[in-house]
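**Student:** In case you want the letters, here they are:
2 protein chains.
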Amino acid sequence: MAFVFRRGIFGVILTQYLFIVKKSYQHKTLGILGGGQLGRMVIQSAINYNLDIHILDPDPSAPCKDIAQKFSVGSLRDFDTVYKFGQACDVITIEIENVNTDALQRLADEGKEVFPQPAIIKLIQDKRLQKQFYKEKGIPTADFVLTENKEEVRLHADFLPAVNKLGREGYDGRGVQILRNESDLDLAFDAPGLLEKLVDFEQEIAVIVAKNQSGEIRTFPAVECAFHPTANLVEFLFSPATITASIEKRAQEIAVEVINAMGMVGILAVEMFVTKDGQVLVNEIAPRPHNSGHHTIEANFTSQFEQHLRSVLNMPLGNTEGRCPAAMVNLLGEEGYTGDAYVEGLDEAIAQKGVYVHLYGKKTTKPFRKMGHVTILDESIEILKRRALAIKNLIKIKTL
Amino acid sequence: MAFVFRRGIFGVILTQYLFIVKKSYQHKTLGILGGGQLGRMVIQSAINYNLDIHILDPDPSAPCKDIAQKFSVGSLRDFDTVYKFGQACDVITIEIENVNTDALQRLADEGKEVFPQPAIIKLIQDKRLQKQFYKEKGIPTADFVLTENKEEVRLHADFLPAVNKLGREGYDGRGVQILRNESDLDLAFDAPGLLEKLVDFEQEIAVIVAKNQSGEIRTFPAVECAFHPTANLVEFLFSPATITASIEKRAQEIAVEVINAMGMVGILAVEMFVTKDGQVLVNEIAPRPHNSGHHTIEANFTSQFEQHLRSVLNMPLGNTEGRCPAAMVNLLGEEGYTGDAYVEGLDEAIAQKGVYVHLYGKKTTKPFRKMGHVTILDESIEILKRRALAIKNLIKIKTL
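Line order of the protein sequences matches chains A and B.
Note that our numbering gives residue 308 to position 308 of the first sequence, counting from 1, and the numbers run on in steps of one.
Note that our numbering gives residue 152 to position 152 of the second sequence, counting from 1, and the numbers run on in steps of one.
Looking at chain A on its own, in the form it has when it is part of the complex (with noise of 0.2 Å):
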């Protein structure tokens, strides 16, 4: 009798572990909170997968409209739309931090897996919160005093030059400037916010990290990152960065530190300055796939979009070796053209070998809007700072 009891316990927890095992996410239904050009990557990846895709986004022509199984149209920060939309997921995760985080906490509470964990998409909301924590886990930033409004910012003209960030808000480049001088003052933002001393970097690099509930954790190789000068958009990115191999190891550690001390399952996207005398800044962070990564597609042995699944769902992570060195160029929309989008150049771009255009499914083009990026791949980082120029100067979007 007692041997029957033990042998139907143990049935039953097989059972159990069977069903649990086999739920897995090969039947679960992904949630994503945006529906650009992030989530439209993450599903061209999760195809492979057999994945459920949901994604919720306000605009009815965003880039995911058509690739996902279901396509819920939405405002991101209501919580009553946010709840509902995760209520019929298993998993919900995000393509851009600008979400209801209450009602994400609420669907965690009562047992959907969230991953970034609400919590963290709240605190990479503010910039402010982002900058005190950096402070008290030890992870090295760029000085920095916190403002509330532009009166504030006026008394700490020492502080300069600095630059200037809003502590919500701020996307693409949007709530950030810099204050060289007091003549600059005029300008500072009249609402919560932050100054950062300015810093003399020599590069900008950035590594995205990985962390799934298992905790098993991978860093990419650092990359590295250059600006356009009035967008503040990254303009070219190269793979890997030119560092050299202590900077490297000191760039991985910090990503590693940061994910760690956040706690956090998902991807982490970690932008930082290498200044001139070798220090490792953190600038940004995002918990998310990134645009520093979208050269991973075809430059990595695991793209960034793929790993962001894999964290989220729990899935053992993938391996993150550079395949061969690359270049990415964004695609922006030309100055002085706004309207229906018409791609010049794209056909001398991919007759070139390893050439590899992404468009985001955006109809419309406006200036500086992100319409697709360029991924170049070649044997030496100093043959692709030749070409991704040459291929922004032959690729321009324009309009019909």
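Don't read these hints as lab results, they were simulated from the structure.
Because the structure is a prediction, the values reported are computed rather than measured.
Mixed in with the good hints there might be a few duds.
Same chains, same names: a pair is fine if it fits in one copy or spans any two.
[Stated by the list, open to error] Here are the simulated PhoX-like cross-link-like pairs (lysine-lysine), alpha carbons at most 20 Å apart as the crow flies:
id, residue 1, residue 2
1, K398, K28
2, K28, K363
3, K363, K396
4, K28, K112
5, K150, K122
6, K353, K392
7, K197, K150
8, K137, K396
9, K70, K28
For this one, chain A is given, so just place chain B on it according to the hints.
**Tutor:** Chain B only, in chain A's frame:
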């Protein structure tokens, strides 16, 4: 006045030219007959170019159903269904041969771009016509005799051992059988078909070739195929094939000869035998992306799916060089399992460097159904042979 007139004409011509250039493929709708795994992988690639894809498939839960701009359910063999479907598209192509070519011919006659051309699809639908075509054009292929029924096969007992093929409707190993000796004659197909001399081959190889409307032609490097002993489906594929430079050259030449002899625009897979005395003979051809090119997604500079798009849309063809050696393993439904699919061994597989799993979005598995494939990248074919076998033994498509 004459001057103004000439400017006027010039202006009209220029405007039309610009319109044609700008209309190009960037704003065309591509219709694909068939919404299976080949269409699915074409769409994954088409997403990068913002292409509008319409799919027609008889199965409402076909692999493409959720990721096409428009997915229509209907028969591929019904004239009206195919004709109406094609009318809403600018360019029409296929991912399966078994379609209504009369409807495609009507669409072509009415000005639609249909690639491959309907007459070529018609030729390839019938293995008897195909063999006669090779003979006429001097393309090397195994000797054969045409047979109308079982009785006629019996008259050719002296031709055995031979492969008995149905003229039409053969697909994925169906409609093909080996007749080794007279006692096998009872099994002969009792319908129009052919008997083909059994080739004593050393290797089976395949070359994929593409041609666009501008006349550009590109071949992929030859791959080596290993077939499943009973299911007559490719079980393993290795790229590049382990063949001499002269066999490689001959195989490339033959692939180009075939596509040129047919005057075909599109992508063509040419399966060939390498005989023990070093001859290269054409076995079968398929005018669409093919199982023997799945590895190109990760292993070559351009994938066969993108090359398909480029060829039928008259884009410049992509570079076909291999980036590194690769193996491909088909994931067939395990014998003894029919029902909702569950992939066993998936985690262990994707934890490995250079392993890429592609599942085809088929909810239901059954024995030998093509449920997905795995591509493996590594440094040598020797290592890949070992790894491919290990992956085949690791991943099993069973039921939940």
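**Student:** Treating 20 Å as the Cα threshold, decide for K398 and K28: within, between, both or neither.
**Tutor:** The answer is between: 17 Å across copies meets 20 Å, while 41 Å in one copy does not.
**Student:** For K150 and K122, with the copy left unspecified, which applies at a CA distance of at most 20 Å: within, between, both, or neither?
**Tutor:** Classified as neither: same-chain Cα gap 24 Å, cross-chain 75 Å, threshold 20 Å.
**Student:** Reference check for the pair K137 and K396, CA-CA at most 20 Å: within, between, both, or neither?
**Tutor:** Intra 44 Å, inter 46 Å, cutoff 20 Å: neither.
**Student:** How do K28 and K363 come out at 20 Å by Cα distance, when the copy is not named: within, between, both, or neither?
**Tutor:** between (32 Å within a copy, 13 Å between copies)
**Student:** Is it within, between, both, or neither for K363 and K396, if the alpha carbons may be no more than 20 Å apart?
**Tutor:** Cα proximity of K363 and K396: one copy only (15 Å, versus 42 Å across).
**Student:** Within a copy, between copies, both or neither: where do K353 and K392 come within 20 Å Cα-Cα?
**Tutor:** within (16 Å within a copy, 33 Å between copies)
**Student:** At 20 Å max between alpha carbons, let me know whether K70 reaches K28 within a copy, between copies, both or neither.
**Tutor:** within (14 Å within a copy, 25 Å between copies)
**Student:** Between copies, within a copy, both or neither: which fits K28 and K112 at Cα up to 20 Å?
**Tutor:** Classified as within: same-chain Cα gap 11 Å, cross-chain 42 Å, threshold 20 Å.
**Student:** With 20 Å as the alpha-carbon cut-off, assign the pair K197 and K150 to within, between, both or neither.
**Tutor:** Intra 17 Å, inter 88 Å, cutoff 20 Å: intra-copy only.
Hints 5 and 8 from the list above are not met by this structure, while the remaining hints are.
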